[in-house]
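Protein chains in written order, with numbering that gives the first Met the number 0: chain A, 0 to 471; chain B, 0 to 181.
These aren't lab readings, by the way, just hints derived from the structure by calculation.
C-beta: ideal position from N, C-alpha, C; glycine also.
Computed far set for chain B versus chain A, every beta-carbon distance over 12 angstroms:
{"#": "1", "residue": "Gln65"}
{"#": "2", "residue": "His80"}
{"#": "3", "residue": "Ala84"}
{"#": "4", "residue": "Thr174"}
Which stretches of chain A does chain B cover? Using the computed rule of at least three CB atoms under 8 angstroms from a CB of chain B, they are:
{"#": "5", "segment": "149-159"}
{"#": "6", "segment": "172-181"}
{"#": "7", "segment": "185-196"}
{"#": "8", "segment": "270-282"}
{"#": "9", "segment": "315-322"}
Read off the chains here:
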Amino acid sequence: MAGGQREKFDNPVVEWVDSRLPVFTLMQKEYGVFPTPRNFNYFWNFGAIAMFMLVTMIVTGITLAMQYTADTTLAFNSVEGIMRDVNYGWLIRYIHMNGASFFFIAVYIHIFRGMYYGSYKQPRELLWILGVVIFLLMMATAFMGYVLPWGQMSYWGATVITNLFSAIPLVGDDIVTLLWGGFSVDNPTLKRFFALHYLLPFVIFAVVFLHVWALHVTGSNNPTGVEPKGKQDTLPFHPYYTMKDTFGLIVFVIIYAAFVFFMPNALGHPDNYIPADPLVTPAHIVPEWYFLPFYAILRAITFDIGIPFTDIALIEAKLGGVIAMFGAIVLLLIMPWLDTHPVRSARYRPWYKKALLVFVFGVVVLGYAGSQPADKVYWQTCIGSEAACSASDDHHGVATDTAHTGDDHAKPEKAPMVLKFDNTMLAQIFTIYYYVFFLVILPLLSRKEKALPIPKSLHEAVLAKAKASAAK
Amino acid sequence: MCADTATKKDHEEGTRREFLNLAAGAFGAIGTAAVVWPFVDSMNPAADTLALASTEVDLTPIQEGQSITVMWRGKPVFIRHRTKAEIKAAEEVPVNALRDKEEDKDRVQKPEWLVMVGVCTHLGCVPLGQKESETKGEYGGWVCPCHGSHYDTSGRIRKGPAPKNLSVPEYAFLTDTSIRIG
Ligand code: HEM
Ligand code: FES
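Whenever a hint applies, use it, and build me the whole structure from the sequences.
What follows is the structure in structure tokens.
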């Protein structure tokens, strides 16, 4: 990166350092004069915001770690101690706790920006992939962080998620034992999660470095998706985008601070203020909100996939759910090869735009479905006599659930038909759309979609917009 | 490498350099694996974790129709004193109708005592049904609050996402009214 031409700095100390290690030249080149498309909108703020959140998490995390004890008998009380006894402990913890949520908000918007404006496309595929890797590492980090306070949700969330690995054929149980370091989530599990929770943010930091490096090789995309062709299309990063990023960051931090100070527990779950109890599962366990869409996909697979008309299940429901969930992320990873349409920005792709907005809607609905009990019924009607139906309701009693899994052999004869639409079906519909969007719609549109005319260059697009608003 | 014939022969059987590269690579790979394994294995259950193996339970206070939950290896174990009706229901189910085919008699040592690990075989939650007040699900046994797996009076999976019956731990009757688990 270094080497090459170096400009002289006026300050003698800076000049002395720079001639030996050209860090100032590097900063000047990458963040000072760096040519940046002149038409960024506010969606381009979220990379810088995510970076700010990462640093915030590391600073608050390290100060928390100075007070926290990773031991099942002490963890919960040490977090309560942070809340009550440590000076400003409550503040640091609330910044960290809500920081995880706001980090995910920033990153989700950042990912959406990439999808909408086609930033994943050639030549930015690797940049995109590094981004998805960061997202995966963040999920692992946040999951393990949530286990540390050792409340009921910590414990049962950890149990359910680690048990996912038992779905792997043959070696699944051994892997789970290895993850736990025992026969259930317990002290060895908590200790290793703390060690990894401390480590992973620094790994994220390293991958972010690669991500930004790759960005500075290809340069930024922009709302038109048209590459800048010369000086007239770009602005120096400083002061134009340092200012725009700072402004956006301040707005973001105001909202974040409102949560930290006025509703610090709004995004959390009250059950996590009950100490972990291995003998009692809370009636309704849900993961943190940022995992809900994936959790809904996991639960949507309630059926075995097997050879028809036989008992042989090739993929049991449990494994199927796990595959569907991880598959949802793999699809993001390979998105640059699923969508090969030559036009980047959704602005000029009316069909892609609609499909993508429905996709986003679908992910939000999946998030909602993930937060509700699997057996929640939204609508139901009865075919046959009313009386028979209400009788059958009684029979079902409390939790009539997920399972359309079959095996209802012991049912009373001639059950009346009850048509219903429940939460599992809702999740199934949008899980299907999630997959169809990537595997059918994207490749299809790549070949068939006729794009609107795209601007010849960025400054032309900017000028046209200025003229249009002047005319108004 | 000047003699034409020697080069040809070397090439047919692979050069010495190729052999050395392969041998060095193989050594390196095995060596790395040998160094990595202790680190991976250190994450497996430690000796003291393995040593917490068994628990003794006195069954006398458990009335017919009651259940208790005891801790064993960090997990809940359900012990149920089954009623005649429950035993009958469990025994009458045709095995072919089950997802995880097991006869009731293979799951108990004495029909009135059902002993099993109270961990849902789906993703590890503790099913409800131990307490009088809790729902017992559609098959009169247990029902998991997490994703709704229903278990029958023999702890066999009947409905929902779980693939297997609740597992029966190793246990032995020490006397008529006490057992040792593990
Ligand atoms: C990628 C960045 C990070 C994310 C997304 C993250 C996420 C989380 C989450 C969700 C919690 C649970 C908060 C709660 O409910 O109480 C947590 C707790 C914790 N984290 Fe982090 N964290 C990050 C970085 C760090 C770092 C760098 C450290 C330094 C060691 C750290 C140390 C801790 C500690 C000690 C706790 C337990 C105290 C508590 O629960 O408040 N974290 N983290
Ligand atoms: S853990 Fe019991 S049904 Fe999922």
